[in-house]
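Residue numbers (the numbering used here), protein chains in the order written: chain A, 1 to 151; chain B, 1 to 151.
Any given hint could be a false lead.
Examples of chain A residues toward chain B, derived with CB under 10 Å [unchecked claim]: (1) 84; (2) 118; (3) 131; (4) 140.
Please keep in mind that the hints were generated in silico from the structure rather than gathered at the bench. Glycine is no exception: its CB is placed at the ideal position from the N, C-alpha and C atoms.
Protein chains: 2
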Amino acid sequence: MKASNMEISKHAEPTRLEKICIGKGLRMTEQRRIIIHVLSQSEDHPDIETLHKRVSTIDPIISIATVYRTMRLFEESGVVERHEFQDGRSRYEEASDDHHDHLIDLRSGEVIEFINEEIERLQHQIAEEHGYKLLSHKLELYGVPVDDRRR
Amino acid sequence: MKASNMEISKHAEPTRLEKICIGKGLRMTEQRRIIIHVLSQSEDHPDIETLHKRVSTIDPIISIATVYRTMRLFEESGVVERHEFQDGRSRYEEASDDHHDHLIDLRSGEVIEFINEEIERLQHQIAEEHGYKLLSHKLELYGVPVDDRRR
DNA sequence: TTATTATTTGCAAATGATTCGCATTTGCAT
DNA sequence: ATGCAAATGCGAATCATTTGCAAATAATAA
Chain A
1 MKASNMEISK HAEPTRLEKI CIGKGLRMTE QRRIIIHVLS QSEDHPDIET LHKRVSTIDP
61 IISIATVYRT MRLFEESGVV ERHEFQDGRS RYEEASDDHH DHLIDLRSGE VIEFINEEIE
121 RLQHQIAEEH GYKLLSHKLE LYGVPVDDRR R
Chain B
1 MKASNMEISK HAEPTRLEKI CIGKGLRMTE QRRIIIHVLS QSEDHPDIET LHKRVSTIDP
61 IISIATVYRT MRLFEESGVV ERHEFQDGRS RYEEASDDHH DHLIDLRSGE VIEFINEEIE
121 RLQHQIAEEH GYKLLSHKLE LYGVPVDDRR R
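Take the sequences, apply the hints, and build the full model.
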């Protein structure tokens, strides 16, 4: 076992994501364990390149192709959510039960999460009115700080 | 003037988009006139390739690079809206004053437009509550027909 | 523990959408 | 009609992402 792997032990309590992988018959590789660890530590919405950078501090050998493959796998399994804010690359976050939407600061790129039950309700209602069952949705607000004096 | 250009005359009444182009000091080229014509005839949300196909039936020589450039220009001018539904390429529609959102049929790919004032209002309110001025937003609902008996 | 085998990985090459460089063409003001 | 900046067409470049394949490895059986 190489030193870089010491901190993410194969023997530790399996995390939620690890359980899901095992449940799907996926192998718990060192790379996947590291990626899961990085995801669980991330409070933001990193893109693949950022994830790869973070993962590389733990294991510098891990390939970016593996990060791509793993994130695709996780997205298909529904354990992470993929977002396409308007910068051309996909950004990810661990999926959680409480659904939230995003407010993106166009000045800084900062992403603010929010929840609004009323909007959730209206969305279901609209889908229903059109004869559809709502499976997922995407709500993104783009704005600038009102008290920002620049410009 | 080549035959293929006969139906989109340089001398016809300028359309809304043509006026905007002229107002911005852009040249009204044959290619742009054709693209504008195609846009005005399109009721759907075509991607670049589709637009290029449609444009090609009028002028088979027009380059796809020109369609890309023109659509980018139009988007930056705010005369068309670009959407990133989840199929990896951008889709366009002529911008209209009355804002609407989209309900995407995951079975057929069909895109249904809808308007909901209440949601619009709530979005502004949310942005405001977070200290932001809302500049734009994206709301997409993904669903399947309820009466669809398949699977 | 070791052997077995199907998964997974790393690498580099392929892909697909989109943009760009540059020589040539073309609106449009004079 | 003339001149020139803007626009086009072409193919090459770019950028994010995917994929083929040989080597490595996790899960399993022995």
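Interface hint compliance - residue 118 (chain A) to chain B, C-beta minimum distance less than 10 Å: Nearest chain B Cβ about 6 Å off; hint holds.
Do the numbers back the hint for residue 131 (chain A), that is, is its least Cβ distance to chain B under 10 Å? holds, 6 Å
Mind checking the CB of residue 140 (chain A) against every CB in chain B and telling me if the closest is under 10 Å? holds, 5 Å
Supplied contact hint for residue 84 (chain A), tested at 10 Å Cβ to chain B: Constraint on residue 84 (chain A) satisfied, holds at 5 Å.
Every hint from the earlier list agrees with this structure, and none is contradicted.
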